[in-house]
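J.: Given these sequences and hints, build the entire structure.
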Amino acid sequence: MKSTRRRRILVGCLTLVVLAGLAVALVLREEAPDDRSTGAYRLENGSLALVVPHEGRELRLRYPASGESRPLLPLPGEARYRLGESGVPTPPEEQPAEEVAFRLGAGGRPLGFVRSGGPAGAQAGERIELREERLEVRSDGFSLRAKLVLPPAGFAPPHAAAVIVHGSGKESAVDFFDEPYLLAPHGIATLVYDKRGTGGSDGSYTQNFHVLARDVIAAVEALRTRPDIDAGAIHLIGYSQGGWIAPLAASRSTGIRSLVIGYGPMVPIVDEDRWGYVYTLRKKGFGDDAIAAADRIHEALVAILDHHQDRWDELGRLLDEAEGEPWFDALGDSDSAVGFLSAKRWVPLWALRVYAWWMTRPIDGEPRADRLYDPVPVVAGLEMPSLWILGGDDHSMPTEWTIAELERLQQAGSPVEIEVYPDADHGIIRFAPAAVGGRRFIGYEPGYMTLIVDWLRRHSGLAP
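435 is the number that the working numbering gives to position 447 of the sequence shown; each next residue is one higher, with no gaps.
Watch out, some of these pointers could steer you wrong.
What the hints assert, rightly or not - The calculated lysine-lysine pairs, modelled on BS3-like cross-linking and capped at a C-alpha distance of 27 Å, are:
no.: 1; residue 1: K158; residue 2: K135
no.: 2; residue 1: K158; residue 2: K332
no.: 3; residue 1: K332; residue 2: K272
no.: 4; residue 1: K271; residue 2: K332
To be verified - Pair ranges (Cβ atoms, derived):
no.: 5; residue 1: E287; residue 2: V102; range: 56 to 62 Å
no.: 6; residue 1: P107; residue 2: T348; range: 16 to 22 Å
no.: 7; residue 1: S156; residue 2: D381; range: 17 to 23 Å
no.: 8; residue 1: E311; residue 2: P365; range: 24 to 30 Å
In short, the hints are calculated from the structure, not lab data. Small disclaimer: the values here were computed from a predicted structure and weren't measured. Using N, Cα and C, we set each Cβ at its ideal position, and we do this for glycine too.
T.: As structure tokens, then:
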């Protein structure tokens, strides 16, 4: 028995060391994106196409109106690509025949592209000339790297503007986000910045909403000082975790014109975390008894992590009881802390205690996160209109619980609008069955991106 315990401890320690090493290696090997072709292109039918980096140097071609999003796979020769299928690592001989060739100008800068080989025939796009500025936003003494993309000639300043409040990911918003190229061609100047501790910004990565809200306010104030920006027409767009942060920032700033919240929650983190396993158990056919059993583990975790109670022995007993249960095995791929414990049940309890301490330690003297923060009173106190865009099949955020809270606010008179895409997952993305089982990403819901554009133009006093 003791030798088995020693083996588990040894395996747990070695595995944690290996995982830490892999994480460091992934960070160190991150490549800078090829941004020469990044931007907005006007198609012959008047609609937009976007070219943006995705995961290192990979490029993607996106169509806001249809939601299509496809990888551009390099071909021999300069600025030639094969149009790949999203989420399908197929060998070259099996890839689609469609190609995208860019027309280059001085310095190799793409001026336009032609997409050919598809069922619709050749399709041309001309690059829209947008002015980009790299900025520094100062917040709490830290320097945040930012990028402002301004509308093209024909839109007279001062411009309405949007600040993007991104989610919990650590990717660089300046390098990878496509919103500036979606909004600027429609007359909305757009500011993106790397969160503290990510990309080119100072500070340490944190999930403290109050700290991150201060960074949003700093970005807004940086825009207000510019004569080419309409200080009374600044909007916030919060995605995922940004759905907690953007309303909090709006409640502490002045003159925010409107909010757009994409797949954000109206519950505390602890309830969003609970949704992860509730969703998975429902999808896999388990009933209320399985959810109640998972709830007991969840409640012990909340007591430990958020109320600082010493209930580790109880948690260990609950995990022992759950060992081998079908419902517990099913949670390994859920987006939840209970799912993490299911997937990592080989890790000894003492190692989990160390990990919990590490993940809840203060960051730059501030709590890492407030998992009990309730967004409902904050949103209830906002006077500006807000649009909440939700996926009806979101595995991460509890859409049904969020809608219930938003509808209560609507009944109380809050200027809240709700748009639900019933079949969309987190990110308002669509999936199709994969050839080898599971599913694959095929794009965004049609109309999702244009809905954001129309909302912002309408609330900026621009024509739809």
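J.: Evaluate each hint against the coordinates.
T.: Here is what the structure says about each hint:
{"no.": "1", "hint": "K158 with K135", "verdict": "holds (17 Å)"}
{"no.": "2", "hint": "K158 with K332", "verdict": "holds (23 Å)"}
{"no.": "3", "hint": "K332 with K272", "verdict": "holds (20 Å)"}
{"no.": "4", "hint": "K271 with K332", "verdict": "holds (21 Å)"}
{"no.": "5", "hint": "E287 with V102: 56 to 62 Å", "verdict": "holds (58 Å)"}
{"no.": "6", "hint": "P107 with T348: 16 to 22 Å", "verdict": "violated (53 Å)"}
{"no.": "7", "hint": "S156 with D381: 17 to 23 Å", "verdict": "holds (20 Å)"}
{"no.": "8", "hint": "E311 with P365: 24 to 30 Å", "verdict": "violated (40 Å)"}
The structure fails to meet hints 6, 8 from the earlier list, while all remaining hints are met.
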